[in-house]
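With chain A fixed as given, assemble chains B and C onto it according to the hints.
So the protein sequences, as listed, match chains A, B and C.
In terms of the numbering used here, the first sequence opens at residue 1 and continues consecutively.
In terms of the numbering used here, the second sequence opens at residue 1 and continues consecutively.
In terms of the numbering used here, the third sequence opens at residue 1 and continues consecutively.
Quick caveat, the hints were computed from the structure, so don't treat them as lab data.
Each hint can be trusted.
Quick list of the computed label-pair ranges, beta carbon to beta carbon: (1) B:312 with C:114: 49 to 59 Å; (2) B:490 with C:218: 17 to 27 Å; (3) B:202 with A:210: 42 to 52 Å.
What the simulated footprint calls covered on chain B by chain A, stretch by stretch (three residues with Cβ under 8 Å from a Cβ of chain A suffice, anywhere in the stretch; the number is not a length): (4) 98-110; (5) 122-130; (6) 239-250.
To give an idea of the chain A side of the interface with chain C (calculated C-beta under 7 Å), a few residues: (7) 230; (8) 231; (9) 234; (10) 236; (11) 237; (12) 239; (13) 240; (14) 241.
C-beta atoms are modelled at their ideal positions from N, C-alpha and C, and glycine is treated no differently.
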Amino acid sequence: MDSTIVLFLVQDAVINGAIYALIAIALVLVFAVTRVILVPQGEFVAFAGLTVAALEAGRVPPTLWLLVALGVLAAISSIAWHWREMEPRRFIGVVASTIVVPLLLILVTKFLAPLKLGLAANTILTLLLIVPMGPLLYRIAFEPLAEASVLVLLIASFGVHLSLVGLGLAFFGPEGVRTAALSDASYTAGALIITGQSVVVIAVTLVLLAALALFFGFTPTGKALRACASNRLGARLVGIPTSVAGQVAFAMAALIGAVSGILITPITAIYYDSGFLIGLKGFVAAIVGGLASYTITALAALGVGLVESFSSFWWSTYKEVFVFTIILPVLVWRSLRSSHLEDDE
Amino acid sequence: MSPAVRKWLPPLFAIAVLIAPFTGWMPAYWVTLFNYIGLSSLVALGLVLLTGVGGMTSFGQAAFVGFGAYTSAVLTLDYAVSPWLTLPVSLLVTALGALLIGAVTVRLSGHYLPLGTIAWGIALFYVFGNSSTLGAHDGLSGVPPLRVGTHALIDPREYFVVVWIAVISMIVATRNLLDSRIGRAIRALRRGAVAAESFGVNAPRAKLIVFVYSAVLAGLAGWLYAHFQRSVSPGAFGVNTGIEYLIMAVMGGAGRIYGAILGAAAVTILKDQLQNILPWIIGSTGNYETIVFGAILVLVLETAPNGLWPLIAGPSPPPKVPQRPQAPLPDREKPAAGTPLLRVTAARKAFGGLIAVNDVSFEIAAGEILGLIGPNGAGKSTTFDLLTCVTPLTSGNISFCGKALAGEHPQDVARLGISRTFQHVHLAPDMSVIENVALGAHLRGSAGTLRAFAHLERQEDAALLSNAKRQLERVGLGEQAMMLAGSLSLGQLRLVEIARALCLDPVLLLLDEPAAGLRVGEKKELARLLRELRAEGMSVLLVEHDMDFVMSLADRLVVLDFGQKIAQGAPTDVRADPRVLEAYLGGVT
Amino acid sequence: MNETLLSVADMHVAYGRVEAVHGVSLAVPKASIVTVIGANGAGKTTLLNAIMGVMKGKGSIEFDRKPIADLSLEARVANGLCLVPERRELFASMPVEDNLLLGGFRRSRAERSQALEETYARFPRLRERRRQLAGTLSGGERQMLAMGRALMARPRLLMLDEPSLGLAPRIVRDVFHIITKLKEAGVSILLVEQNARAALQIASYAYVLELGTVTAAGTSAEITNNPRLVESYLGLGGASY
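Bound-form chain A, shown alone:
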C-alpha cells in the first residue's frame, strides 16, 4: 500500500466521516431535546437523495405525496389528542401547518419540477419538501409519547422507521439513484486528486456546523432548545413549550438529514432503504460521543469514516463487521470512564 492509496482512502474517510458527523449531530440534538433515538434519521437522507434525483430528471418527486400523507396523519393525530382543548384558532393553526402548507408545496413543485431549474433550485425545493416531514413525524408519533420511557420511544422510533421504509418503497420504487456531482472541478495535490465534490462536502459540513454553533450559542430559540436538553422540567417551568421545542428539533434533524442526502447522493447510489445503514453509522458516532458532546461526536464520526474506508480496502466482505466490532472496545473504555455515574432513567 503506497501513500497515494493511503491519501485516497483518507480523503474518502473524511468525506464519509463528515456526513456521519452531520447525522450524528442531528441524532444528539433530537435525543437531547426529546429523548427520542431517531431511527428514521437515515430516511431523511435517502428521501432527500431520491427527491433531488427526480428533480434532476425533470420529474415531479413522489416526495410530495409522502408529505401530504404525513400531513393528513399529523392533522388527525393533533386533533385526536387535543380535541378537548381545540379552540378555533388552534384548529386553524393545525390545518394550516399540516394540510395547507403541503398543498402549497404541491402547487409550487408541480409548476417548477418540469422546468429543470438546476442545482440551486433543486436543493431549495428538496429542503422545502423534506424539512416539514420532521415536525410532522414528531406530531404523529412522538408528541403523544412525551412522557414515555426512552425504551418505549425507541420502539416507537423503530415503528416510524418501518413505516417510512415501506412508504419509501411504495412512493419511490426499488430503483437506486445517483445524482450529478455538485462540482466538476478537481485539484491535484502531489499524487492526490481532490475532487470538487469532496471540497463541497467538507465546505458545506463546516458551514452547517458553524451555523449550528451560532444558533445554539446566540439565538433565543437555540438557547431554549439547550435549556430543554439541560433540564426538561426547568424549561417547562420558565414557559418554554416543550412540544414546540420537539418540533423545532425534528425540523433541524430533517434539515441536516436532507443536506446530508444531497451531499451523499453524487457519491453513493441511494435506494429507498439506504438510510438505515448510514443512520446507524451516525448513531455509532453519536453514542461514542455519549449522546451529549458535539465535539467528541464529530471526532468519532471521522473515526468511523476512517475504519470503514481502510477496512473496505483490506477486508471488503467484512467491512460492516469490522466497523461494528471495533466499537466494542471503545464502548468498554468509555463505560469504564463513566462507571461511577448511575443511570437514573
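Just chains B and C now, kept in the frame of chain A:
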C-alpha cells in the same frame, strides 16, 4: 377470586392450551402460527427479564437463537447425534457464548450497552452467513425432526405440545427466579446499584446471570426452531429479528412475564394477518404490511405506553409471603462492649481541588452510639461514603476490627458486618416493602440461581422473608409489609431502610439522617429502638441534623466543619464548645 | 384582608393509584405570604406541582378569578404563576446569565433586559457570577439563581418549595429576607417549608398539611400558639428523646 381458584386457574389454563390443537377447533394454519408464537415467546420472555427487569436493552437476542439452532443442526447433520441429546449441548453452547459476550456487555453503561448488543449482533450475523461449516448464506437443511420412539414429531399439532410445554415450564422457572433471593437482587439493581451493592449483591455477576438466562431461553427457542423448521439459515438470526423480539417484549409490557407471550402473539399474528389481508384490500402486492405494522406499533404504544398486558391485567400483584413464623437465622457473634471496632486515621478525600474530608480521625467502640454532626457541606456524607467504600480514600486509613478497608468493594464491607441507610432513600418503589427489606439479608442466604428456578430454596427463602418481617415489626411497620414501597411516606421509607439494614445482622449500623421527616412520636420510637440495639451490643454511627435527637442519644459526638474535625467529646461538652456554636449555628444561638 | 389571588378547592392528586393529596383547599391573598408547613412526605411538593400544572390534579384552581385547572403548564406561566421547585431545576450546563434570560423566555427583548438589571440589583452575587455555569454554583447561589430566574418572568404568584433546604443558617436568613422584600414589592408568595419556625416568622397565614390533608389553618400567630403543632413541627423547647 378465591385462593383456591387463584391456585388452580393457571395449571388448568395450561392444560387447556396443550390440548387445544386436538379439539378440532383450531385450524392447522393457526396451530403452526402458534408454534411460531411459542418460539418467539421464549425469546421475548428472556427480554422481559433482561430489559424489563434488568434494564439492559438488547438487540442481539436473535444471535443466541442462532447459537441454539446451529449447534443442534450441525450435531444432528454432521455427527448424527439424536436431537434430544443435542438439547443440553445447544443450551450449553449458548450459555458459554453468552457468558463470554455478556462478560463484556454487562459492564457497558448507559447507552453504550444497547449499541454494544447491536455491534455483536451484526458481527455474529455475518459470522453465521460466512462460515462454511454453518452452510454460509444458504444455511443448513434436512435437519432431522424430533422423535418419540420411532414416531417423528412432524405434525404441527404434536410439535405444538412440545413448544408450549417449553414455554409453560420457562414461565414457571422465570416466575420462580423473580420470586427468590437472587430475583429480588436483580429487581433491586435496576433502581440503583449502590443500595444493592451495599448489601452484598455483586452487581456485574447478577446482571450476568440475567444475561445468560435470557440467552439460554433464546437458545432453547433456537433448538426448537431448528427441528420444527427442519432447516436453519442466517436470515432468522440478524439484528432485524433481534429488534422484532424487542418490539414484542415492549409491546406486551416490558417487565411482565405474560406480556412476553401477549407481545409475541400480537406481533406474530399482526404481521401474518397484514400479509394476508392487505393485498386483498389494496389489490396489489407491495411492502404495505411494514407501513401498516409500523403505524399500528406506534398507535399501540401511544394508547398503552406501558404495554398491552398491564392494560388487561392491571399492575403486578403483591408477592406471596409465608405466614408461618420461621426459625430465626443464626445471629452474628458481637464483640464485647467497649472493644475498639472502627478506627479512622487521617482520612482524606479530595475531589479535584476540593478537599471534602480533610485528615479526619475518630474511633467507634463496640456497643456505642457515635453522633457525627456538622453543617451542610461539612463532609458528613463523604465520610459516610468512605466508611462504606463507595468512594475510595485519597489518603489515610480506615480499619474495621483490625482489618484495613482500603480497596474493598461495598459488598465486602457488608460481608464484614457494616450496614447502612441512605440520606436519599434508595428503595425500589415498584417492589413491596418486605421484598425491599429482605434485600438486607442477601448475604445470609446461599441458594443459587438453579435452585431458585425450581423453587427448591423455599425453606431458606421463607426464613429470609420472615426475618425481614420481624425487622419491619421492630421499626413499627409490620402492617405495611405488603404495600409497594413507592406508596409509603418519606418518613416511613427511612424506617424501611433501617429495617433493611438490620436484616444484615450488622455489627456496626451507619445511619444517615434517619430522623429527617419523622414526627415527634416516631422519633421517640426510633430513639427507643436505637437504645435497644445498643444494649444488644450493636454500634451505631449516627449522622443527624436534629440536634435534640442526637444530643439525647449519642454517647459521644464528632463535629465536622469544612471537612475538618473541629470538636469531639460528650454531648454536653460539645454543645458548649464555642467553635461548634460558631460553625453550626452561624453565630446565632 | 386583601383580595384573593389564588384559590384552590378540593384538590386531589395521585401518583398512579396512590393518592397523595386528599381534597386540599387553600387561598392566597394578593401581596401576602402564605405558608404550607408539614413533615416530609405530607404532600406539600405534590400540592405545589398540581397548582403549577407539573402534575395532573383533580379540583378547581382559580387564579385572579379565572379558572386555570385546564390550562397547560406553559399557559399558567404566561398567566403569572411561577414555581421554584425543591431541586431548583436550573440549566446546569449554561451560564448564570443565560439561565436568567431564559427565565424571561415569554417576555419581549426589552422587558427581558430590564428585568435582568432588576434581578442583578436584587441579587448582586449573581452579577458577579454571570459567566459561570449554573452547575458550579454553591447551594445558596443556586437558590438565588432559581429565585432570580423565576422573577425574570415577573410572576404575580411565586411558589417556593423548600427554599431553605440544604442551606446554611446564615444563608437561610438572607433568603427569607429576600422573600419578605418580594412581598413588599407586591408579589404574592406561597411558601412550602419544613423549617416551620422560619416560615411562620414571615408568613401572615399558614396551613398545616399532614398525610395529604389540611389539619390546621390560621394566622401565623394562631399556629405558633397551638401547643400540639408546636410539639409536632416547631421542635421548640429542647425536646428529649
